[in-house]
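> Each chain, written out:
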Amino acid sequence: MVNYYERLDRTFAAFVDPTRRAILARLECEESASVSELARPFAIKLPAVMKHLDVLDAAGLITRSKVGRTVTVRLSPEPIREAMDWLRRYERFWSANLDRLAAYAESKEAETQEKDG
Amino acid sequence: MTSLTIVRRLRARPTIVFDALTTPEGIACWWGPDDGPVLLAETDVRVGGRYRVRFRMLDGTEHESSGEYLEVVPPERLAMSWRWAGGEDPGESLVEIDLRTIAEGTELTFTHSRLHDEETRRSHEAGWNGALDKLERHFLATSERILS
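So the sequence lines, in the order shown, correspond to chains A and B. With this note's numbering, the residue at position 52 of the first sequence is 52, and numbering never jumps. With this note's numbering, the residue at position 49 of the second sequence is 49, and numbering never jumps.
In short, the hints are calculated from the structure, not lab data. Just so we're clear, the structure is a prediction, and the values are computed from it rather than from any experiment. A virtual CB, placed ideally from N, CA and C, is assigned to each residue, including glycine. One should not assume that every hint holds.
[Stated by the list, open to error] Pulled a few chain B residues facing chain A out of the computed Cβ check, cut under 7 Å:
| no. | residue |
| --- | --- |
| 1 | Leu4 |
| 2 | Ile6 |
| 3 | Val7 |
| 4 | Ala12 |
| 5 | Gly48 |
| 6 | Arg50 |
All chains should be built: construct the whole structure from the sequences, respecting the hints.
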């Protein structure tokens, strides 16, 4: 079994490349697209696009299905959800932490003003 | 989205907030996301100095983070590396805190960045936040379709 952090690594690594991000953004707009449709906007050759699709596939971000000679690519959102959940954990942690910092600092401020006043 | 920014306005002056952030006595009073106790707080507040904080949450789990102070400008700015102990989240990230004087006290800008790993940081700089946001919307839309 691939562990959680390895999966996150793959997801984030897949996001690094601008061509892959463009492919994901395109698939986000359109339900599905063929490989040649996906390759069209880029100034790179089809084999290079195939390599990017391999990376996205390995990260579980897309699925490919072949009908006849046409390979159809679809977005697979589960790894994105996992990555977002991971980031939200940090947000919750710090948000709660800063609430507590604020309450403490404000009580110290009130004490200081009492002493001064 | 691999960088997290939170802005808070506090009714306390920056010197008080800065002390709360950097002194072991201060940290012991608030650190942690719930009412569980701080078990250990060590700080050596100078550039190159280290800090270490361990806390227990109400669910009984204990967590420890440590790192190095990278910038110390009292009472305005603090930057430090951040690393969870154990296998909690591998890799080192960056915490930056800026304190600005405002009429009611302090505006605190908290940023936790370089989350996850080097590649994430690079991708963040390359600006994939918007793309990820869009993808997340797509996911939500998809799951709504599935659920409805």
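> Against each hint, give a clear statement of whether it holds in the structure.
Status of each hint after checking the structure:
1. Leu4: 5 Å, holds
2. Ile6: Hint holds; Ile6/B Cβ to chain A Cβ min 6 Å, cut 7 Å.
3. Val7: With Cβ-Cβ at 10 Å, over 7 Å, it is violated.
4. Ala12: Hint holds; Ala12/B Cβ to chain A Cβ min 4 Å, cut 7 Å.
5. Gly48: It is violated, given that the least Cβ distance between Gly48/B and chain A is near 24 Å, above 7 Å.
6. Arg50: Where the cut-off is 7 Å and the nearest Cβ of chain A is about 20 Å from Arg50/B, the hint is violated.
Of the numbered hints stated above, those contradicted by the structure are hints 3, 5, 6, listed in ascending order.
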